[in-house]
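J.: One letter stands for each residue in the lines below.
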Amino acid sequence: MAPSSARLAAWMPKLVLAPSFVLALLFIYGLMAWNGYLSLSASRLLPNYEFVGFDQYVTLFDSERWWVALKNLGIFGGLFIFFGMAIGLLLAILLDQKIRAEGVLRTIYLYPMALSFIVTGTAWKWILNPGLGLEKLVNDWGFAGFQFDWLINPDRAIYTVVIAGVWQSAGFVMALFLAGLRGIDDSILKAAQIDGASLPRIYWRIIIPSLRPVFFSTLMVLSHLAIKSFDLVMALTAGGPGFATDVPATFMYTMAFTRGQIGLGAASATVMLATVAAIVVPYLYSELRAKK
Amino acid sequence: MGALSIRNVTRHYGSVQILKGIDIEVEAGEFLILVGASGCGKSTLLNIIAGLDKPSSGSVHIAGRDVTHALPKDRDIAMVFQSYALYPNMNVAQNISFGLEMRNIPKPERDAAVQRVAKMLQIGHLLDRKPGQLSGGQRQRVAMGRALARNPVLFLFDEPLSNLDAKLRVEMRAEIKRLHSLAQVTTVYVTHDQVEAMTLGDRIAVMKEGRVEQLGTPDDIYGRPATRFVAEFIGSPAMNIVACERGAISIAAHGVDLALNDGQRHAIGGTKGNGLLYGLRPEALSFADAGLPGTVSMLEPTGPETYAMVDTPVGKLTARVPGKVHHAVGERVFLRWSPDEAHLFDAATEARVA
Amino acid sequence: MSATTIAPASPAAAAPWFRWDRVALWSVLLLFALFFLVPMYVMLTTSLKDMAQVREGGLLSLPTAPSFDAWAKAWSSACTGVDCGGLRPFFFNSVLMVIPAVAISTALGAINGYVLSKWRFRGSELIFALMLFGMFMPFQVVLLPMSQILGWFGIASSIWGLVLVHILAGLPSTALFFRNYYVGLPDELVKAAMLDGAGFWRIFWRIVLPLSTPILVVTLIWQFTQIWNDFLFGVVFSGAGSKPVTVGLNNLANTSSAVKEYNVDMAAAMIAGLPTLIVYVVAGQYFVRGLTAGAVKG
Numbered sequence: 001m002a003p004s005s006a007r008l009a010a011w012m013p014k015l016v017l018a019p020s021f022v023l024a025l026l027f028i029y030g031l032m033a034w035n036g037y038l039s040l041s042a043s044r045l046l047p048n049y050e051f052v053g054f055d056q057y058v059t060l061f062d063s064e065r066w067w068v069a070l071k072n073l074g075i076f077g078g079l080f081i082f083f084g085m086a087i088g089l090l091l092a093i094l095l096d097q098k099i100r101a102e103g104v105l106r107t108i109y110l111y112p113m114a115l116s117f118i119v120t121g122t123a124w125k126w127i128l129n130p131g132l133g134l135e136k137l138v139n140d141w142g143f144a145g146f147q148f149d150w151l152i153n154p155d156r157a158i159y160t161v162v163i164a165g166v167w168q169s170a171g172f173v174m175a176l177f178l179a180g181l182r183g184i185d186d187s188i189l190k191a192a193q194i195d196g197a198s199l200p201r202i203y204w205r206i207i208i209p210s211l212r213p214v215f216f217s218t219l220m221v222l223s224h225l226a227i228k229s230f231d232l233v234m235a236l237t238a239g240g241p242g243f244a245t246d247v248p249a250t251f252m253y254t255m256a257f258t259r260g261q262i263g264l265g266a267a268s269a270t271v272m273l274a275t276v277a278a279i280v281v282p283y284l285y286s287e288l289r290a291k292k
Numbered sequence: 001m002g003a004l005s006i007r008n009v010t011r012h013y014g015s016v017q018i019l020k021g022i023d024i025e026v027e028a029g030e031f032l033i034l035v036g037a038s039g040c041g042k043s044t045l046l047n048i049i050a051g052l053d054k055p056s057s058g059s060v061h062i063a064g065r066d067v068t069h070a071l072p073k074d075r076d077i078a079m080v081f082q083s084y085a086l087y088p089n090m091n092v093a094q095n096i097s098f099g100l101e102m103r104n105i106p107k108p109e110r111d112a113a114v115q116r117v118a119k120m121l122q123i124g125h126l127l128d129r130k131p132g133q134l135s136g137g138q139r140q141r142v143a144m145g146r147a148l149a150r151n152p153v154l155f156l157f158d159e160p161l162s163n164l165d166a167k168l169r170v171e172m173r174a175e176i177k178r179l180h181s182l183a184q185v186t187t188v189y190v191t192h193d194q195v196e197a198m199t200l201g202d203r204i205a206v207m208k209e210g211r212v213e214q215l216g217t218p219d220d221i222y223g224r225p226a227t228r229f230v231a232e233f234i235g236s237p238a239m240n241i242v243a244c245e246r247g248a249i250s251i252a253a254h255g256v257d258l259a260l261n262d263g264q265r266h267a268i269g270g271t272k273g274n275g276l277l278y279g280l281r282p283e284a285l286s287f288a289d290a291g292l293p294g295t296v297s298m299l300e301p302t303g304p305e306t307y308a309m310v311d312t313p314v315g316k317l318t319a320r321v322p323g324k325v326h327h328a329v330g331e332r333v334f335l336r337w338s339p340d341e342a343h344l345f346d347a348a349t350e351a352r353v354a
Numbered sequence: 001m002s003a004t005t006i007a008p009a010s011p012a013a014a015a016p017w018f019r020w021d022r023v024a025l026w027s028v029l030l031l032f033a034l035f036f037l038v039p040m041y042v043m044l045t046t047s048l049k050d051m052a053q054v055r056e057g058g059l060l061s062l063p064t065a066p067s068f069d070a071w072a073k074a075w076s077s078a079c080t081g082v083d084c085g086g087l088r089p090f091f092f093n094s095v096l097m098v099i100p101a102v103a104i105s106t107a108l109g110a111i112n113g114y115v116l117s118k119w120r121f122r123g124s125e126l127i128f129a130l131m132l133f134g135m136f137m138p139f140q141v142v143l144l145p146m147s148q149i150l151g152w153f154g155i156a157s158s159i160w161g162l163v164l165v166h167i168l169a170g171l172p173s174t175a176l177f178f179r180n181y182y183v184g185l186p187d188e189l190v191k192a193a194m195l196d197g198a199g200f201w202r203i204f205w206r207i208v209l210p211l212s213t214p215i216l217v218v219t220l221i222w223q224f225t226q227i228w229n230d231f232l233f234g235v236v237f238s239g240a241g242s243k244p245v246t247v248g249l250n251n252l253a254n255t256s257s258a259v260k261e262y263n264v265d266m267a268a269a270m271i272a273g274l275p276t277l278i279v280y281v282v283a284g285q286y287f288v289r290g291l292t293a294g295a296v297k298g
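Chains as they are written, first to last, in our numbering: chain W, 1 to 292; chain C, 1 to 354; chain V, 1 to 298.
In isolation and in its complexed conformation, chain W is listed as follows:
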């Protein structure tokens, strides 16, 4: 056989992977760098490649609206992650108790993940509608003084995003924890029971600690979802009232695409990237090290 075909055969895998690899590299890192440069430029409505150093970042962190966005991310992210994990873990533990209708219940808990955040946001916007939604429902039940205007209340609106977000994602967390629970060796549990440990004790001392890896990957995924939250906020509150529920993602979109502040938008995107990288890179690195 001609040696050239042997060489081709050796190169084939690399040739095949190359286009995807090059495109992915360009799409991810190339565009990232470009965006980085835009953030250091004087771009407003159109890209303007005049270098202005960190001016855009100064403007960014001088902006009250940006700080509101950051604060909202903190509140929303923290509550979203906390309640998502707590409810997900609770449901997983409960479902692990040999329930007959487990399959049906699992389907019910998980279906919100199949929906778009826009659909979820639109639905919850109606449910929490001040006047015709939850407030009216509870009033009709007899609690005349009940008020639920969180959706239009600048101080409370962000919590509505938490509710909708947890509704959408808790089932997913449950699925992850359930898989983790199922992976625990049965004989460990039997040994603990013979040793006289009660069920709650077994969960607290043995099972939950052995779920540490699942905790971490869930934390990773939820943080990621929280930082990227754009769809949900847009559908539920459109960042409002005013910009009371703005998050970095909606801030970036508004600045870059509706306010003609491309440089500022690029800067906010870079800050978002840095936040994600600060969490994800150490995690990935430690995972890869552990595998070795």
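If you are wondering where the hints come from, they were derived from the structure by calculation, not from laboratory data.
Glycine included, each C-beta is placed from N, C-alpha and C at the ideal position.
One side only, chain V facing chain W, incomplete, derived with CB under 10 Å:
no., residue
1, Arg55
2, Asn250
3, Ala272
Could you slot chains C and V onto chain W? The hints should help.
T.: Chains C and V only, in chain W's frame:
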């Protein structure tokens, strides 16, 4: 010109030397065994012969052609893997004919090959089944059938019997031997099981840490092991080894003189003064009325034989005697052997002296 | 704590203490089931009511005279900003976008996963890790440059622009799914095929791909769900005639017209959400497998 030539093949990964210079010539139709403990490099060597791995230096020649840089499919070889590696989505007939299909052999010839092989291996009734529906022994046969169908110049086996239970292993061993005598294809067979090595091989290459310790017929390997490692590796229970000091024409262990024959005396006379290792296979020892005194410490009857562990002044020795032993544990006995049965190794180099 | 003995194997033994516990268990589970189901119930019932009943009746009341009028309006005549053609054009945009995007990204994922698992070469693991970071990256960071590029290629306002972006964004995750799956296929299969004379592509077509059905289904479902439900790319990279259904829905629900028609809003939400919901109900277990495969990085 041999069917397979391995010339000075080395392989290293970074600083780890897996193969340190292998030279083997295999004649056409010969059945060569590569045997050794895990990590000795035998599987790496097999992969290099197959073309699934590249040597760091050296060359591989098959039927006179230098194939060192050739792709596996261009080497005209067939391989049977430890896990059989049958294609799960194809039935047995398709599995067997796949290699022929890849070489664009027309369908009638492929079918004929499948029938021929199925008859040879008695798997004709399995041709429509998928691998998942077969037993371990049947899968083994199909794997061999796939290799046979290609009529290659060289067969490679990578521990094919390791996944079978003991009884099946004995049956398949006989099967492989029968097929080899029928098909007469040059074969390289990797195993860690010394019984397979001794019963199947025309020649055996005992490997240790990337080197061939000895290459020879089963008789050579068993009767005249070249190093202590080979002596202890082949043969079960392992050879008894006793460390000795040497005099001019005699040797002694723990103060006990050990008998030597003329050849051995001549050999130790000719070499310089290191200590020696005296080796005796268990079957060379027998109970007698006089000889080396000792106390029986354990008896293991296996049915046709008994392994007896005896504590003696020169150390703990294992004897292998036919039938039952009429001594009890704790009893004082005498062991006797012929010096012709002894193997002498240099204590420092562990190489055979006589 | 417990006065009775604990059965060795099943915590749900018939001791009285456990019975009470079981009741509590089920109550909590059912409460949560309600929590998850009620919004869907509200969506559905509201979409079947007329506006009078929406205002007068309660959130949870059943429609007295259920009708699909709101659905019809949402589909063909609701206002989504300037146009009042309903969700229909958006829905079809989504369909036209989703089919090529899902097909191509899945196919690329299969081939890339095949290379990364069975044909490793020096640096392939590094390449994989670099690509993987793309899954974590917040997409905000590529929006601006990408819209420039799409503009240069002249596809900024066409469905193909969206298709391209979804394919690029899907490269890391699809490759991950397939790679992790193919790693579970024995390497010796590939070696045996190589010895049999099959090359790179033949091995893929004849051996690897036929064994890929489970992961193909998972990836197709995952990609379909992700791409259909996407809003960010849909709103940034589409032109007037290429907006997907999620953008249409958001516009519809947020148009500040004089009279808010909540029933139409809900009907529109149902229309937008039904495709992925149906896929979930029909092939849910594959969906779950996809979720857990994607999140627990291997």
